Amino acid sequence: MKVQLTVNGKEITADVEDRMLLVHFLRDVADLTATNIGCETTSCGACTVLLDGESVKSCTVLAAQADGHSVTTLEGLSSTVPPYDSGEMHPVQKAFHTEHGLQCGYCTPGMVMAIVSLLKENPSPTEADVRSGLEGNICRCTGYHNIVQAALVAAASSNADSSTTGAGK
Amino acid sequence: MSILGTRVIRTEDPRLLTSGGVYVDDLREPELAGAVRATFVRSTVAHALITGIDTSEALAQPGVVAVLTVADMTDLPAPPPAEPPAEGAPPAEGPMPLGGQWSEPLLAVDRVRFVGEPVALVLTDSTYQGEDAAELVSVDYEQLPAVPSIEAALAGESLLFPDAGTNVCTQGLGQVTDDSIFDDCEVIVEGDVVNQRVACLPMEGRSTAAAWVNGKLTVWTSTQNAQIARLILTAIGLPPDAIRVVAPDVGGGFGAKIGVDRESIIIAWAAKHTGRPVRWVETRTENLLAMTQGRAQLHHVKLGGTRDGHIKAYRLDVIQDTGAYPRMSGFLPMLTNLMAPGVYDIPAVQAGYKVVVTDGTPVAAYRGAGRPEAAATIERMVDWYAAEAGIDPAAVRKLNFIQPDQFPFVTKTGAPYDTGDYESALDKVLEAAGYDDLRAEQQRRRAAGATRQLGIGLASYVEITAADAAAGETAKVEVHGDGTATVYTGSSAHGQGHHTAFAMLVTAELGIPMDKIEVIHGDTDLIPDGIGTYASRSLQLGGSAVQKAAIEVKDEAAKKAAELFEAAESDVMLDAETGTWHIVGDPDKSLSWSQVASAAEAGLIVANVRFTADRPTFPFGTHLSLVEVDVETGKVTLLRHVTADDAGPVLNPILLDGQRHGGIAQGAAQALCEEILYDADGNPLTSTLADYAAITAAELPSFELLRSETPTPVNPMGVKGIGEAGTIGATPAVHNAVIDAVSHLGVRHIDMPMTPERVWTAIQQGGARKVSAE
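Chains as they are written, first to last, in our numbering: chain A, 1 to 169; chain B, 1001 to 1774.
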């Protein structure tokens, strides 16, 4: 079947198998390989992307279900924050770097996207909020300690930014 | 000020955080253009003879390029013939009798020994076609009685390797069982302690791509050591120099990616056999069925001492379930035996092991590899003994620690401990945790009969790192004419931060800025000689090698700088802060690295070294875990985890702590939730992440990490390994905490994982025992 998706702001049209998963569309059709596959049971969250701004696990969404919708992957994240397309990292990416929130990097794209979504829903989470919010994302390297820390630092820095500029997005 | 010891955020991260890593499935190398997808047909039964394989229906499917079975492997060198054992001979002794009658084939030959064993390989144009076609390969099995457990293996009614005549593939050397060591003991505790089978579970499973081009095979594989992988891949009948192995980004290993498994050898063979590039990326179910797993030991233990807390005797008998094929055979329980007495000066210690084959996934290294099992059991038994003797577990530990003035100390099991200060690590943790206050709060809750009881668990551990110190590690450092440096390391990163750590070492020696230093690993064309990453060896061996190479580069450059200055070499010095060369006492004249290196003959200065150490190191520490146990439901909540882990001087605290965090989580996971299970027929019950209870952020607290830095004399930096310490300390601390929470209810032991059901059941049984004892 023919599908048309907007991926990181770019329109992609392709003829795909009905059963093609969104994650395979992103990796094999759109050739965006940051999004990883870590399981087949919606358990690990490595494939988390934003579908119309909300986090989904792209291993359990069909490309067909995303037809006509917009998807943001790790590769497109920096272009979602002002100043757009500056190449500056998103606050969550920056916090992962400063807080050592990643080791092998495999869960990282999904983890970052899940936190972006979590902070959009709850801009000032407690540690407990972050921990329960990340229950669907497995990391085997970090023990989650610095990932949780990165989420809290990103929240604090975003809140500080919006209070100084008065322009919360 | 030196950069060493400071917090440096990773140079690896910007790429991983913006475009993502490049793992095997992400490779877009031209040699892999048009690569076919490999899908394994795996055994669906635990133990059976293969009576036929029909590939015709699969071959007729769209997109199918080939369906390969053992019958196609005629272009492989024959495996060495098995030597039959002498009639009635006992099982072999010692750690490593591999191969021979216990050989693991590539594709199954005529028998399968675990669910998930590779039987055939389907090559297709796309992944989905592969999954469809693999379903249609028809394998006829004549089922045999399964050997799903250690008990079934020892019963010996069904044999995995009938030619061997036993399921016991090896046992410890010179085992002694002399009960007289317990004669003077006033308090004796004895029992079975299970160290359950767990999944290593790197987030990226196994993956390999291979291309055969112009008589050379290139293999990209997710491995902890490209050079060892290359050696293993020679099994397909190529000499090492006809094989290039590349480790791209590797999404975690934890011991299960040491070298390569049989699947990767098959992929390499298939690329050569068909002439087509091949790529295989396993699914999570394949990963949980067929990637090597960890632990899987049953311990029978006896510990005795005086009424006032002095431990006098300890015996540990290990039975290792090695799974269907003895990958590491006796090596893991040998380490468990070696580390049996832990941090204690115990006058009499006996340790032995047996290794049995079962119809389970093969067992190999998992973060700690034999040492966590030793620490888990001695620490559990010390608490058990303390509870029986009615003495505080911290006090019992202090009474029995090997003292700082006893080092170097050789244990009764022969472990040559380098340095240690066990009591100081324990004291730091007790103080930071507020131990006395926690005990007081525990008493309050007990007196009040609270639903949520508090448990405090201690574990003081010592472990062995870089056990193969003599193998060492390689490093090459080059300083180029443009003033940049390249480091080639035989060590192999998969998340640890080698690139940052090794660049820090070079910048500290040479003053070349971090952003002008490139670190390269995992390519056998560039680095033919190397060992790789396991056994917490990377900094102490690989890092020491990098530092040694940098020092040699500096010495060589000093000669060149002296020539350029027309000065004596002894009058030339490097300012390591600025990376410039000077004449002593004349700060106005200087040469840059670029000037010095471009004046060298080859236009660069190179040092190529191997660093070896003459013995391993023995990091140590203490973990304290605080848990709450709901006595009505058995649910455990991990509230705090406080640790002092001593790996010597710290190179980069964020990397050190990152290793500790990950280790603690995996250790706690074993104590609380993770276990690979089989049913009575050997069918795996935990083959997806919906069934295997991998620990998540929601089940863990943030960790409280304390510093402890006792240098070792074994290497110039004084550093020891930290990769596995967290796991080794955390499992027994959490284990002891849960049992401590309910010990006043008569509970003395609960096997891991301590699920709510197990905890609740133990409370009911413990309570019953207490009632009957009164």
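Calculated from the structure, these hints are not laboratory results. Every value quoted in this text rests on a predicted model; they were computed, and no experiment measured them. Among the hints, erroneous ones may be present.
[Unchecked claim] One side only, chain A facing chain B, incomplete, derived with CB under 7 Å: (1) Asp15; (2) Asp18; (3) Ala46; (4) Gly76; (5) Thr98; (6) Gly105; (7) Cys107; (8) Pro109; (9) Gly143.
[To be verified] SDA-like cross-link-like pairs, simulated, lysine to any residue; straight-line CA separation at most 25 Å: (10) A/Lys94 to B/Arg1007; (11) B/Lys1302 to B/Ser1180; (12) A/Lys120 to B/Ser1019; (13) A/Lys94 to B/Lys1302; (14) A/Lys94 to B/Lys1516.
Built from N, CA and C at the ideal position, the CB exists for glycine as well.
(request) Hold the hint about A/Asp18 up to the distance rule: shortest CB distance to chain B must be less than 7 Å. (result) violated (11 Å)
(message) A/Pro109 was flagged as interface toward chain B. Is the shortest Cβ-Cβ separation under 7 Å?
(response) holds (5 Å)
(request) Would you check whether A/Cys107 satisfies its interface hint, that is, whether its CB is within less than 7 Å of any CB in chain B? (result) holds (5 Å)
(request) Closer than 7 Å between Cβ atoms is the bar; does A/Gly105 clear it against chain B? Give me holds or violated. (result) holds (4 Å)
(request) Please work out if A/Lys94 and B/Arg1007 have their alpha carbons no farther apart than 25 Å. (result) Given pair A/Lys94, B/Arg1007 holds - Cα atoms ~16 Å apart, limit 25 Å.
(message) A closest beta-carbon separation below 7 Å is what the hint needs, so does A/Thr98 meet it against chain B?
(response) Constraint on A/Thr98 satisfied, holds at 6 Å.
(message) Please verify whether A/Lys120 and B/Ser1019 have alpha carbons no more than 25 Å apart.
(response) With Cα atoms ~22 Å apart, A/Lys120 and B/Ser1019 stay inside 25 Å; holds.
(request) Below or equal to 25 Å on CA atoms is what counts here, so check B/Lys1302 against B/Ser1180. (result) holds (12 Å)
(request) Go through the hint on A/Gly143 and say holds or violated, using the shortest Cβ distance to chain B against 7 Å. (result) Status holds, d = 3 Å.
(message) Next item in the hint list is A/Gly76. Is there a CB on chain B closer than 7 Å to its CB?
(response) Given a least distance of 10 Å, the restraint on A/Gly76 is violated.
(request) With a cut-off of 7 Å on the beta carbons, see whether A/Ala46 makes it to chain B. (result) Status holds, d = 6 Å.
(request) Would you settle whether the hint for A/Asp15 is holds or violated, based on the nearest Cβ-Cβ distance to chain B being less than 7 Å? (result) violated (14 Å)
Hint check: violations occur at hints 1, 2, 4 and 13; the rest are consistent with the structure.
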